[in-house]
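> Here is how the chains run, residue by residue.
4 protein chains.
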Amino acid sequence: MIIQLSDTITSLQKDALLNSLSGLNIKSNEVKTQFKNYIIGIPKVDFDIRTIGNLDGIEDIHRVSDAYKLVSKKWKINRTIIDLGDDVTIGGNELAIMAGPCSIENEAQIENTVQHLLKNNIKIMRGGVYKPRSSPYAFRGLGMDGLKLFYKHCKENGIKVITEVMQVSQVEEMLDYVDVFQVGARNSQNFNLLDVLGEVDKPVLIKRGMSGTIEELLASAEYVFSNGNEKLLLCERGIRTYENAYRNTLDLNAIPILKEKSHLPVIVDPSHGIGLRQHVATMALAGVVAGADGIIIEVHEQPENAFSDGQQTLYYEQAEELYRKAKVLFQNI
Amino acid sequence: MIIQLSDTITSLQKDALLNSLSGLNIKSNEVKTQFKNYIIGIPKVDFDIRTIGNLDGIEDIHRVSDAYKLVSKKWKINRTIIDLGDDVTIGGNELAIMAGPCSIENEAQIENTVQHLLKNNIKIMRGGVYKPRSSPYAFRGLGMDGLKLFYKHCKENGIKVITEVMQVSQVEEMLDYVDVFQVGARNSQNFNLLDVLGEVDKPVLIKRGMSGTIEELLASAEYVFSNGNEKLLLCERGIRTYENAYRNTLDLNAIPILKEKSHLPVIVDPSHGIGLRQHVATMALAGVVAGADGIIIEVHEQPENAFSDGQQTLYYEQAEELYRKAKVLFQNI
Amino acid sequence: MIIQLSDTITSLQKDALLNSLSGLNIKSNEVKTQFKNYIIGIPKVDFDIRTIGNLDGIEDIHRVSDAYKLVSKKWKINRTIIDLGDDVTIGGNELAIMAGPCSIENEAQIENTVQHLLKNNIKIMRGGVYKPRSSPYAFRGLGMDGLKLFYKHCKENGIKVITEVMQVSQVEEMLDYVDVFQVGARNSQNFNLLDVLGEVDKPVLIKRGMSGTIEELLASAEYVFSNGNEKLLLCERGIRTYENAYRNTLDLNAIPILKEKSHLPVIVDPSHGIGLRQHVATMALAGVVAGADGIIIEVHEQPENAFSDGQQTLYYEQAEELYRKAKVLFQNI
Amino acid sequence: MIIQLSDTITSLQKDALLNSLSGLNIKSNEVKTQFKNYIIGIPKVDFDIRTIGNLDGIEDIHRVSDAYKLVSKKWKINRTIIDLGDDVTIGGNELAIMAGPCSIENEAQIENTVQHLLKNNIKIMRGGVYKPRSSPYAFRGLGMDGLKLFYKHCKENGIKVITEVMQVSQVEEMLDYVDVFQVGARNSQNFNLLDVLGEVDKPVLIKRGMSGTIEELLASAEYVFSNGNEKLLLCERGIRTYENAYRNTLDLNAIPILKEKSHLPVIVDPSHGIGLRQHVATMALAGVVAGADGIIIEVHEQPENAFSDGQQTLYYEQAEELYRKAKVLFQNI
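Protein sequence lines correspond, in order, to chains A, B, C and D. Quick note: the first sequence, position 134, residue 133 per numbering that gives the first Met the number 0, numbers continuous. Quick note: the second sequence, position 309, residue 308 per numbering that gives the first Met the number 0, numbers continuous. Quick note: the third sequence, position 283, residue 282 per numbering that gives the first Met the number 0, numbers continuous. Quick note: the fourth sequence, position 72, residue 71 per numbering that gives the first Met the number 0, numbers continuous.
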């Protein structure tokens, strides 16, 4: 049960409400976000919702039987739009495109990518500075030095930055240099990280886990929301199956399902999904038709020389064709 | 290695060729299809292809290192078009749409469906008369009586019939009443059935197995082709994964991959794929964008009363909207 | 609901019973096996079982809510023992061991294997004469000629034969030359084959499908049983997962679960399960501890020269050590 | 390539070695653990190992082509034994048993469990104080207060403590109150956490991820080892598959494979594996036969009242029977 509190609720009214809930054997979780105050009530037995509904200081009450509550569409019918400022939004009437290299490599590469994005009117650049790698001996990213350079060049050119955060201690140091925090597939159930990202006022994109269920992804989003951050994006990036013909099995079924169950925008990542350059654009377009609000793709001036993920990274010309087609398709479905 | 024989090859020339192959320690498999004669050579060691290439009676030679040979695109660049007669083709410049109920139930239902198809200019009707059911106590289809009624009504109205064949003994009795044989997911590696279907002159649509790999699907198609039947369609219908939010995980990655590896047309089955009526049309359209040559969908006048699979079956109005959108999309990608 | 009919039930009594069931809106399936007559009732709504229970001609009635009925332990508490004659049983107080090559190759190999089995007091020989192969160009077995040789040598030496049947038409021709029919993983849901195997009086071992669920395996067994054959064995042989470190993921969890849900004996196949010779014995022993009634393993005088599956086939000495250990372990758990 | 440095290597000798490696285009990673100094060389091209082998200050050199190096058995033949002090070891000639509740709930429960362990001569107690829960509204553990109580009671009774650590910041605060850090399935690729655990001198048990491969588990262990901590345990706890008859699919194949590939001890967790109380003991015993060096199980005085995981938690009597059988079985295989 989600109880939206009135903005004018008094302490006395709130105490009365919490007492009523307690008397009904309902566990209360107070949630204060950037926008609203809520109480999430987890009832142990059935009860008559009217006994609460007429208390003072309540704006609205919704029963939500799913394990996830605040991210559910059962409660919030209108779709969430994420506003990154400077007229850059995700989840609205325009397809959001996030493009850039797998890893930030050096300043020249950043500049080069920024020019590519400017030329194509792409407003969000992706790029990793902290890289999760299965081997400890592999390149693990440029870290904060890379991020600062990355952010500086983007900022100067009106481009927003999305980059992966891997642990709690990085959140604060990265905060001033990102526009969207990305939580990777391996951290999709790193609950401490999700807790802390719930306390900041920057949007968070959460990727589905390697073998994460739809329900788990929504529950992970609930972690962030219930800690105070409503600015959330969900991302399908491929799941692990028995099939070895592609890197991961991009699961486009997840897109209509997530949009049915949740009010949050959904992004598709075909680069990690199918993981084969020659098919990335096709899967991106299929993702748009499946209902994605945005696409996140890997692009590099010279994919064959990229520090990581070269085999799934588009050449500029390939990416440009994709941008054009994706925008047209998004407007025509 | 695929050796295409000249139409004018003589017995002496062929003997000479077989002798040469044998001398090179290459195992020969002679394949005679509706269109051509081939020898599939499986070499045990490396050899110089020129020693064969200049023998008489050979039209062309192709090295194909994959486990599948004749269905590979490495050998045949031009895409295969399946001609069902009366200007109904699959794999060409028009999207093939196959629609109809999960199970053929009675004559009224057949007529009703035929009218729906005629109204929408759909040329191929699907419908099961032999139903694979996990429980022996469930409805198993109307059998040959149902098929004869089904075929009669379709034939009278210029509509082609696709229906599932489940075992070898059914092939002959069904032969005069089908336009396309369908091999279901559970029979995707029923090699005896595939052998026999290779001996008839009717197209065969092979569904990917429940947990079938791309490679296995192509090898199953190779069974049919190498027995003499070049008229083949491949079908993605969802795989089995850990995710329970949908019936199966429709794997659209398979479509660009199959079209890259094989010259055969690829059909997408979103009804069994996602298995939820409200998302079937979305996934069908995503499948078209992913490169499908056709879609096969379940439609019923009253899905809630269907003998089987009602929850994934479209209402007529839903289907009509899908037909329109799918045709437009196919022409614009 | 399972109604066991009395051996002395009269036609009039049976008609009265069927009428009662029909009146209660219960669909009846009559089952006549080697041992008993049953009626499987599938009720559409709830009803009072006492209204049937006091009719004449009924021996016993059991409610079974699972999709599978006759193979369920809810109905038959005592474990089923399969009697192959000559004091060879499966499911009793001795571990059943079935050993032999993947493929029957020639008479010398059969004789050699028989001597190995005799030396070790193993009573059941496995060996394939019809081989399901993903490629049509691979060796597909010696067929009936091989089977006749195989059976002759075994018969002369008091050894029972288990071999795979791949299609309906083979059942009759193989019938006199097998002691146990084996249904392979790819045919685990070949319902026509299961139907026909239900009509013969030879035991049937059904392997779990590549990605078959426990429930599906039991439903496949129900097909055979409900067609009249109670002599059934279930076999865990590994499932398909994302893990590539082994051929299949031998799923030992299935053993205690199958023995909890069904009264049928359970056999473990570690050769196909883990698929690596050096670990086959370990997994066989773990399977025994997990509760298997028997093991089926691949053994060959010279595994490196076997026609198929050599990498998972034991040398004689390895097998002999396994036989000894497995028998001891079985008696001590 | 692993270069074990001599304990008496001089700075000059080490510089010469690093220079040689650099000259050979080999990337060097210096590793200093509790026991030894190593250089892990990642060569870009093939080279003659003798050019390095005769330099001074080198104790031994091993080629290891796997992605993981220091945890590989190719380098270290002798199995690793983890010494927890007070004669409690893991990986030696005795089966290690770790038992206790899923969650630490209160002091009475700790005492009660300790008495149960003392009675059965079990030396290691498990219990969670930081609980990863998919829902933010679920019980998340007693935290440090619970851990201090847990450790105090165990310490007083000569029992070692194993408990889960979920994030970097917890490592330091937990350090004095744990004997073994446990990394849960969801954190199996939390590389920052693994890095930090590599810097402490306490053993670390790493669970395989939800859909983790064998190779990924070993690479995660390599993270800890290459940061300086050789005291490592690997744990199989069930993987995620399509099968819903059990909580997870306990993958016993992993045990012989991990013991073949690595010198580290392997623990089996049947409680999370099969997740059904009535089968936990059976799977634990099967795990012992498969080669596990230890078992970790959930036990509670009143499983039905446990704060979490009650359905997979053993009653004391069940656990006691398991302890007895497991110890006997371990000595007899």
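Mixed in with the good hints there might be a few duds.
Quick list of in silico lysine to aspartate or glutamate cross-link-like pairs, DMTMM-like style, CA-CA up to 25 angstroms [to be verified]: (1) A:K26 x D:E320; (2) B:K151 x B:E215; (3) C:K326 x D:E320; (4) A:K260 x B:D59; (5) D:K26 x A:E106; (6) C:K73 x C:E104; (7) B:K35 x B:E303; (8) B:K260 x B:D85; (9) D:K26 x A:E319; (10) B:K147 x C:D86; (11) D:K260 x C:E320; (12) A:K26 x D:E104; (13) C:K147 x B:D59.
The hints are simulated quantities; they were obtained by calculation from the structure and are not laboratory data.
> Each hint: holds or not?
Going through the hints against the structure:
| no. | hint | result |
| --- | --- | --- |
| 1 | A:K26 x D:E320 | violated (39 angstroms) |
| 2 | B:K151 x B:E215 | violated (35 angstroms) |
| 3 | C:K326 x D:E320 | holds (23 angstroms) |
| 4 | A:K260 x B:D59 | violated (56 angstroms) |
| 5 | D:K26 x A:E106 | holds (24 angstroms) |
| 6 | C:K73 x C:E104 | violated (44 angstroms) |
| 7 | B:K35 x B:E303 | violated (48 angstroms) |
| 8 | B:K260 x B:D85 | violated (30 angstroms) |
| 9 | D:K26 x A:E319 | violated (37 angstroms) |
| 10 | B:K147 x C:D86 | violated (52 angstroms) |
| 11 | D:K260 x C:E320 | holds (23 angstroms) |
| 12 | A:K26 x D:E104 | holds (18 angstroms) |
| 13 | C:K147 x B:D59 | violated (43 angstroms) |
Hint check: violations occur at hints 1, 2, 4, 6, 7, 8, 9, 10, 13; the rest are consistent with the structure.
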